[in-house]
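One letter stands for each residue in the lines below.
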Amino acid sequence: MSARRERALARETSCPALPRHVRMHFDEVRGAWALLSPEKVLWPDEISLAILNRCDGRTQAGAIAAALAAEYGADEAEVHADVLAFLQDWSDRMVVRL
Amino acid sequence: MNETEPGLPIGILAELTHRCTLQCAYCSNPLELLKADRELGTAEWISIFEQAADLGILQVHLSGGEPTLRRDLPDLVAALARRGVYSNLITAGVGVDGPTVERLAAAGLDHVQLSFQGARSETTELIGRLRGAHERKLAAARAVREAGLPLTVNAPIHRRNIDEVELFIELALDLGAERLEIANVQYYGWALLNRAALMPPREAVERQIEIVEAARAALRGVLAIDFVAPDYYARYPKACMGGWARDAFMITPDGTAMPCHAASTIPHLVFDNAARTPLEAIWRRSPAFEAYRGTAWMKDPCRSCDRREIDFGGCRCQAMALAGDPAATDPACSLSPLHGRVLQLAEGDAASEVETFRYRRIGAAAEPA
Numbered sequence: 001m002s003a004r005r006e007r008a009l010a011r012e013t014s015c016p017a018l019p020r021h022v023r024m025h026f027d028e029v030r031g032a033w034a035l036l037s038p039e040k041v042l043w044p045d046e047i048s049l050a051i052l053n054r055c056d057g058r059t060q061a062g063a064i065a066a067a068l069a070a071e072y073g074a075d076e077a078e079v080h081a082d083v084l085a086f087l088q089d090w091s092d093r094m095v096v097r098l
Numbered sequence: 099m100n101e102t103e104p105g106l107p108i109g110i111l112a113e114l115t116h117r118c119t120l121q122c123a124y125c126s127n128p129l130e131l132l133k134a135d136r137e138l139g140t141a142e143w144i145s146i147f148e149q150a151a152d153l154g155i156l157q158v159h160l161s162g163g164e165p166t167l168r169r170d171l172p173d174l175v176a177a178l179a180r181r182g183v184y185s186n187l188i189t190a191g192v193g194v195d196g197p198t199v200e201r202l203a204a205a206g207l208d209h210v211q212l213s214f215q216g217a218r219s220e221t222t223e224l225i226g227r228l229r230g231a232h233e234r235k236l237a238a239a240r241a242v243r244e245a246g247l248p249l250t251v252n253a254p255i256h257r258r259n260i261d262e263v264e265l266f267i268e269l270a271l272d273l274g275a276e277r278l279e280i281a282n283v284q285y286y287g288w289a290l291l292n293r294a295a296l297m298p299p300r301e302a303v304e305r306q307i308e309i310v311e312a313a314r315a316a317l318r319g320v321l322a323i324d325f326v327a328p329d330y331y332a333r334y335p336k337a338c339m340g341g342w343a344r345d346a347f348m349i350t351p352d353g354t355a356m357p358c359h360a361a362s363t364i365p366h367l368v369f370d371n372a373a374r375t376p377l378e379a380i381w382r383r384s385p386a387f388e389a390y391r392g393t394a395w396m397k398d399p400c401r402s403c404d405r406r407e408i409d410f411g412g413c414r415c416q417a418m419a420l421a422g423d424p425a426a427t428d429p430a431c432s433l434s435p436l437h438g439r440v441l442q443l444a445e446g447d448a449a450s451e452v453e454t455f456r457y458r459r460i461g462a463a464a465e466p467a
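These protein sequence lines are chains A and B, in that order.
By this note's numbering, the letter at position 70 of the first sequence is numbered 70, and the numbering carries on one by one without gaps.
By this note's numbering, the letter at position 274 of the second sequence is numbered 372, and the numbering carries on one by one without gaps.
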């Protein structure tokens with residue numbers, strides 16, 4: 001029996017990535033980014049896309065939030081909370097790996 | 099949705115072959131299985147996949163029968179990968195060894211869905227009628243993991259294995275799967291023929307739902323569990339294929355393009371063949387696709403129902419099978435006047451002591467039971 005995984009918790013130091021079964025794809029026909037997964041196609045909105053594009057497995061969640069806050073001129077504490085909540089939700093749904 | 103201009107399709111279920119290593123009695127393939135000489139060739143499938151990508155298809159599920167019996171499978175996967183189309187291999191895993199998986203991974207395969215007929219070896223052997231099948235599936239799962247490919251364990255559920263749901267969850271965790279599908283059998287094709295031997299009793303279904311809900315909560319972020327409800331016992335029907343010709347369709351081994359697996363059971367429908375008619379023309383204008391697209395074809399109670407664009411009246415083929423009218427409300431729906439009869443059918447089948455399967459074999463349906 002292999003070692004069992006545990007639910008990952010989103011932290012400032014998490015380095016999120018897309019899991020192997022999920023792939024970003026620019027759909028030329030619709031002119032939009034799609035997130036492809038085994039049974040579903042998700043169409044991330046602009047903010048989700050901005051986060052997902054930074055999920056490279058190296059950048060920490062805190063740095064992603066700081067970059068987004070700067071880019072959108074938004075309150076940094078608020079963006080941190082939003083980014084962590086997003087990552088936790090998407091990790092729980094197995095479409096982001098923390 | 100605009101009735102005359104359909105949206106763009108997202109997915110295709112490509113049944114590459116009806117040949118199979120197993121003989122599962124719950125198979126949704128038609129009773130009249132196609133022999134190998136009717137299958138499309140490599141170039142025909144690649145042309146279909148190229149057209150699919152042009153049309154906006156984002157996912158192709160490579161299924162069968164057993165798709166790995168096609169020796170050109172890596173070429174077909176590579177054709178999809180070249181266009182960025184997500185490829186999902188739906189396999190029973192028997193004969194899927196390390197080198198096979200390596201070739202598919204190298205060709206760009208995105209995901210493997212591996213079926214287990216039982217969580218116990220003896221159940222897998224009984225349902226699929228192949229000795230040693232379970233161990234070969236375990237080996238296939240390991241080969242998938244070793245190749246670094248993501249894995250979904252698919253568990254088709256019926257009376258003979260519904261008590262193994264907890265074990266299926268354990269199995270999926272042990273195999274390191276990302277996803278588990280607890281998919282109650284849909285009664286089409288061979289499954290419909292074997293319904294009396296497969297239908298679970300309501301109490302077992304309810305217990306199963308409790309187990310799945312508890313496991314989903316406990317395994318949040320660890321294992322995604324998809325649940326396909328047993329629709330004879332459901333309150334509302336499933337949105338079959340996400341709605342008839344709405345965002346997905348299927349292609350049979352000989353190229354017949356159909357909105358649903360079982361659409362050939364609706365006698366008046368005329369199908370196009372994707373090897374001869376351009377895919378875009380099929381999607382937009384195939385009379386079989388247009389027959390039940392959207393909501394204009396609906397009768398009451400569907401026509402005036404708030405859920406008409408949620409479940410699209412359920413499955414047209416199930417309406418055909420159970421109500422004798424493909425435009426009727428799917429009798430799996432509690433709003434159908436026939437729903438009570440469907441429940442009686444289910445309960446009668448579940449209480450029947452039928453144990454004998456009519457196993458899925460090419461030519462077997464015509465044999466006496």
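If you're looking for bench data, these hints aren't it; they were derived computationally from the structure.
All values reported here derive from a predicted model rather than from experimental measurement.
Cβ coordinates follow ideal geometry from the N, Cα and C atoms, glycine included.
One or more hints might be untrue.
As the list claims (entries may be wrong) - Some but not every residue of chain A turned toward chain B, in silico, with C-beta under 8 Å: (1) L18; (2) P19; (3) R23; (4) H25; (5) D27; (6) V29; (7) E39; (8) M94.
Unchecked claim - Rough simulated footprint, nothing fancy, chain A against chain B, three-plus residues with beta-carbon under 8 Å: (9) 117-125; (10) 130-137; (11) 149-161; (12) 181-189.
Here's how the hints hold up against the structure:
| no. | hint | verdict |
| --- | --- | --- |
| 1 | L18 | violated (11 Å) |
| 2 | P19 | holds (7 Å) |
| 3 | R23 | holds (6 Å) |
| 4 | H25 | holds (5 Å) |
| 5 | D27 | holds (6 Å) |
| 6 | V29 | holds (4 Å) |
| 7 | E39 | holds (7 Å) |
| 8 | M94 | holds (4 Å) |
| 9 | 117-125 | violated (count 0) |
| 10 | 130-137 | violated (count 0) |
| 11 | 149-161 | holds (count 5) |
| 12 | 181-189 | holds (count 3) |
Checked against the numbered hints above, the structure violates hints 1, 9 and 10; every other hint is satisfied.
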